[in-house]
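Residue numbers (the working numbering), protein chains in the order written: chain A, 1 to 381; chain B, 1001 to 1103; chain C, 2001 to 2600.
Simulated from the structure, these hints should not be mistaken for lab results. We put the CB at the ideal spot given by N, CA and C, even for glycine. Treat the hints with care, since some could be wrong.
[What the hints assert, rightly or not] Computed list of chain B residues with no C-beta within reach of chain A, every gap over 12 Å:
1) 1003
2) 1008
3) 1020
4) 1024
5) 1026
6) 1032
7) 1033
8) 1043
9) 1044
10) 1080
11) 1081
12) 1088
13) 1089
14) 1090
15) 1095
16) 1098
[As the list claims (entries may be wrong)] Simulated DEER-style distance windows between Cβ atoms:
17) C/2238 / A/163: 45 to 51 Å
18) B/1013 / C/2239: 30 to 36 Å
19) B/1101 / C/2002: 56 to 62 Å
20) A/128 / C/2238: 54 to 60 Å
21) B/1020 / A/128: 35 to 41 Å
22) C/2066 / A/129: 50 to 56 Å
23) A/311 / C/2075: 56 to 62 Å
24) A/128 / B/1013: 48 to 54 Å
Okay, here's what each chain looks like letter by letter:
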Amino acid sequence: MKSNASVVIIGGGIIGTSIAFNLAKLGVKDVVVFEKSYISSGSTGRCGGGIRQQWTSPMNVRLAMRSVELFKRFKEDVGMDIEYYQGGYLLLAYDEKEMADFENNVKIQKNEGLDVELVTPKEIHEKFPFMDLEGVVGGTWCPSDGHANPQIANIAYALKIKEMGVDLNTHTEVKGIDVQNGKIVGVETDKGYVKTNVVVNAAGGFSHEVGKMAGVDIPTYSERHQILVTEAINHVLDPMVISFKKNYYVRQTMHGSFIMGQSDKEPARGNDLGHTVEFLEEMAPKMVHDFPFMNHLHIVRQWSGAYNVSPDAQPIIDEADNISRFIFAVGFSGHGFMLAPAVGEAVAEMVVYGKSKTMDISNLKMERFKGKKISKERNVV
Amino acid sequence: MEGRIEQHPILQFKRKKKIKFYFEDREIEAFEGETVAAALHAAGIRVLRHTPNLGRPAGLFCAIGKCSSCLMEIDGIPNVRSCMTKVKEGMRVRRQKGKGDVL
Amino acid sequence: MNLYQAVIIGGGPAGMMGAITLGNHGVKTIILDENESIGGQLVKQTHKFFGDHAHYASTRGFEIAQKLDEEISKNKNIEVENNATVIGIYPNNTVVYTKDGQEHKIQAKKILIATGAMEKQLPFINSDLPGVYGAGAVQTLMNEYGIMPGKRFLIIGSGNIGLILAYQLIQAGVEVRAIVEALGKVGGYDVHANKVKRLGVPILLNHTIVKAIGDESVQGAIIAKIDDKFQTIPGTEREMVVDTIAISVGLTPLTELAEQAGCKVEFIPELGGYVPIRDERMRTTNPDVFIAGDLSSIEEATTAMIEGKIAALEMARDINGSDTKEEIEEELRTLALFRSGPKSVKIRSGLEKMGIKISIPTKPIINEKKEDVIGKLRAVLECDEEIPCNSCEASCPFGAIHIGENLNSTPVLDAEKCTGCGTCVNACPGLAIFMMKENEEESTVTLGIPYELLPLPEKGQKMWGLSKEGNYVCDVTVERVVKYPNKTNIVYAKFPIEFKDTVRHFAFPKKESPIVCRCEEVSLEQIEKVIDSGVTDFEEIKRLTRVTMGPCGGKNCKLVVLGILSRKTGVPISKLSHGTSRPPVKPVEFSVFKKGGDDK
Ligand SMILES: Cc1cc2nc3c(=O)[nH]c(=O)nc-3n(C[C@H](O)[C@H](O)[C@H](O)COP(=O)(O)OP(=O)(O)OC[C@H]3O[C@@H](n4cnc5c(N)ncnc54)[C@H](O)[C@@H]3O)c2cc1C
Ligand SMILES: Cc1cc2nc3c(=O)[nH]c(=O)nc-3n(C[C@H](O)[C@H](O)[C@H](O)COP(=O)(O)OP(=O)(O)OC[C@H]3O[C@@H](n4cnc5c(N)ncnc54)[C@H](O)[C@@H]3O)c2cc1C
Ligand code: FES
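Looking at chain A on its own, in the form it has when it is part of the complex (with noise of 0.2 Å):
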């Protein structure tokens, strides 16, 4: 562990790793990374691993795009096959009132050059003839978004980092941020202490304590998602599936296995949460009858993850005004995965040169929260 740094990045899941990985790309020298459990300990590590760019915000489309044209070149940029495959994203309506949304949305999105359109049922079932499409009234399509095998990502990363000399530290948690007289100087693990005057914020799940620790009140937190994977058989599905309405999201992996997820009624707020048995039961009945080749499928593991909630379900990614250089890409909201190599990006740039260059993110700071109506990211299971 290094007693100076010039960048500490707190948290070592695809955000900070990604982070750390562009600013070493920038030639920063001296970047420290803390991460308090193994590498893909935290969210990274338990989800679902979609790459979607269908998002009903410009900016999350933008930033989605971003990431793809970066997911295409991985393995040459970071050296690991992560498993990327691009199948496609199909996301399924229900009735008129969601269709003419998802109309909409697909205005938004192709206005961003997004490769998406509208497909009938009919067009569904010749695409996935062993679907059942039961009330389904249409759906939209994007080709390019697919999934990759996020624990690999994560850990590809954290190797390459090493590699390019960036001091990664796991199993050593941050117990605070040394601030005086408005200037940050410092940061203390439970390994030691280390002098920075720049700290970046990356730490998922814990994204509001850690902000606290600057004494910073950053708008997040917490809660549980549930998530199931299957023994793998042969490929037969190619695409991730959504279904907004019976709520659940489902990809087969490169692997064989199918990952699958929804949201609970009412999720638990906080992490680790642990798992129950009406997950299983409530997604089941779903699965089945929608892919009925799944009755007999068998269940491998279940478990859960945290997803760091914003108010708008948008990321937050920003620099605090009222000390200096504390800096923070947390509130994913359940997408940071796929976001991870263009917020990396924008990120390094900002500790860089003071504010993103490749894309503006300006939009993703926290004052859009003050006073003014808040639009909602709505595509979200």
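With the hints as your guide, set chains B and C with the ligands onto chain A.
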């Protein structure tokens, strides 16, 4: 002496009703109450599947449903533990191909 | 949801005895067991048991099971649910199980987990071939179904299970070609060993299996002699014509459900691996959850039954205030008696680690003082056996090695005088002297070892650094090879300094690598590669290689992987993180949950 044990100094095996099932379309005799894996062993069949990645033959290992080495396709359903599944009259059992097809 | 006063998971001797005790104290109890009938391991045992008369001594295992079963069926407080696989323990003591393709849920005031143990794995080349079985699988086929999986057997491991299996196989009329045992003595009881020896089965001590041979299934095996450092001795390999190989290298507790119930587990090898922490009366760190039998420590049916009884007595006290104090005291005394003999040394020291004391003979502490001369090339004497020999002292031209008058004394090095010439390495008949020099600036160490094999390595070659047990530790680079007329040459090689006390042999990299994780087909080599690339957290290794992520949930390979990691990093298994157990304990079809929970 391979296959069904007929004489044993200590144990007596009370076999139940004789039934037939199919392994790779071949007719095999079994007794009710036997597991698929046991019945196949009685017929001298030990290779229960070929593994998906390396294509290696695999068979029974723990016999108590704990290791997943004995996965077979039974009545069209892949990834069934043949050591935990009782044979039934007319059952169709196949060596599993790859990870198993569901469609 | 149906509420029971007590739920017992697992109907082996521990669970059965627990049920009988609870029933006798008026507690409404249900036993869940995934088999067609209860009895656990006993069902497969055709031999007579040891023990005392109160605990069914000299009764055959399956007969004990029948007797207990009769008692249970007479007791109106006990309900038995067979073919019931418990897949998870959820909050509020909710036990979820599947039966006949349907999900069932029950709640209980107190839970007794007695799920027993499972066999340890032994990866060797082709150990995944059909015809290689766990000993228990052979017993299941043979003693439960009356089906014999082969004609000619090789058994790996001479513990009681391996010895008994050999006897049972011969009873069933097949041939047992040999039992191989890595250690220098038989693991099980002498009586069991004598039984099979009398029948002409050789027990090959200091032997191991190198590989199984066969294309589609086992047609033979290669075994070899190993030295006291567990390395195969070249030239001693031989082929055995066998068609079946049974592995019996020990059992390890099935802790998943206990972990899900929030019970703390710890790695205590003396007790069989990971075991739930519990008090003297079998209560775990979750006050509502008790354990008994092989799950608490790999032992015997007798102790399993006593533990089941103790747990049940304590549960009855909790549930309906039964006055069981005296009975508990009595059972604890009996248990202590069982564990006081020399065969229970391991169990006693394992329990001690948990804070449960049974008086054990104390050993004197030997105070070792080593003077290390870091950075200087010098001899390292690893001769701590008291052998009458002083060839090193005699060979040293500089008088740097002292043994003294008693030839049996172990040698001591005067590092000041040692010039690093290597003469003693070449002279030692035991190959127990090495040369060492730390290269601090580059964090490497240079080790010189006596080398009597062909081909001789060459300068610059990459080799494997092996441990004293012959296991791979790290890659090494050969620096120089010094040839001597007596054919004991010295090979010097360099490797990371962390392994200076671990690496003691160099070998050419092997091409074949055994499969460690059957579900995901991950080989030893793949796991080692990942560790070598700098990933040393079990959780990260798991995510990169998929070991333990398959359908068996790591039941088979987790301990093996932790062993590899421990060996390569030098961190003891007990200090490594080992993943979290999550439901379902066994793969379950979606259809089981389709109707939503059917309350029992
Ligand atoms: C069930 C589920 C499904 C999801 N599905 C998707 C999906 O399909 N697609 C998608 O894009 N996103 C998905 N997400 C969301 C995604 O997982 C997260 O948005 C993303 O992983 C956030 O990354 P992160 O690096 O911010 O957080 P994390 O991965 O949680 O990393 C934060 C790290 O900070 C560490 N930390 C916290 N406090 C401290 C401290 N004081 N000191 C040191 N270290 C600290 C934590 O240990 C943690 O490892 C899903 C999430 C869940 C739970
Ligand atoms: C070959 C051999 C020889 C032996 N010889 C002797 C001897 O001579 N003398 C002696 O005293 N002991 C002997 N033993 C040891 C003795 O059999 C065990 O110590 C004893 O059976 C342990 O009892 P148990 O109740 O803890 O576990 P087990 O007998 O293993 O019973 C556990 C039960 O739990 C069930 N179960 C597990 N998981 C689940 C789940 N998720 N849901 C539902 N049910 C579940 C299992 O199917 C099983 O029926 C021998 C063992 C073997 C294998
Ligand atoms: S042989 Fe192990 S699960 Fe069937």
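Inset, instruction - Check the non-interface label on residue 1080 of chain B: least C-beta distance to chain A beyond 12 Å or not. - result: violated (8 Å)
Inset, instruction - Could you tell me whether the CB distance from residue 1020 of chain B to residue 128 of chain A stays inside 35 to 41 Å? - result: holds (39 Å)
Inset, instruction - Verify that the Cβ of residue 1044 of chain B lies farther than 12 Å from every Cβ atom of chain A, and report whether the claim holds or is violated. - result: Its Cβ never comes within 12 Å of chain A, the nearest being 29 Å, so this holds.
Legend entry - Verdict for residue 128 of chain A, residue 1013 of chain B (Cβ pair) under range 48 to 54 Å: The hint (48 to 54 Å, Cβ to Cβ) holds, given that residue 128 of chain A and residue 1013 of chain B are roughly 50 Å apart.
Legend entry - residue 1088 of chain B and chain A, when compared Cβ to Cβ, separated by more than 12 Å: holds (16 Å)
Inset, instruction - Hey, is residue 1081 of chain B genuinely clear of chain A, shortest beta carbon separation above 12 Å? - result: It is violated; residue 1081 of chain B is separated from chain A by about 9 Å at its closest Cβ, not greater than 12 Å.
Inset, instruction - Confirm or reject the statement that residue 1008 of chain B sits farther than 12 Å, beta carbon to beta carbon, from all of chain A. - result: Non-interface label on residue 1008 of chain B holds, nearest chain A Cβ at 36 Å vs cutoff 12 Å.
Legend entry - Distal placement of residue 1003 of chain B relative to chain A, Cβ over 12 Å: holds (31 Å)
Inset, instruction - Please settle this one: residue 1095 of chain B was flagged as non-interface, so is its CB more than 12 Å from every CB on chain A? - result: Since the minimum Cβ distance to chain A is about 15 Å, residue 1095 of chain B lies beyond 12 Å and the statement holds.
Inset, instruction - Examine each Cβ of chain A, and state whether all of them lie more than 12 Å from the Cβ of residue 1020 of chain B. - result: Given that every Cβ of chain A is farther than 12 Å from that of residue 1020 of chain B, nearest at about 23 Å, it holds.
Legend entry - Distance restraint evaluation - residue 1101 of chain B, residue 2002 of chain C, Cβ atoms, bounds 56 to 62 Å: violated (40 Å)
Inset, instruction - Compute the least Cβ-Cβ separation between residue 1033 of chain B and chain A, then decide whether it is above 12 Å. - result: holds (23 Å)
In summary, the numbered hints that this structure violates are 10, 11, 16, 19.
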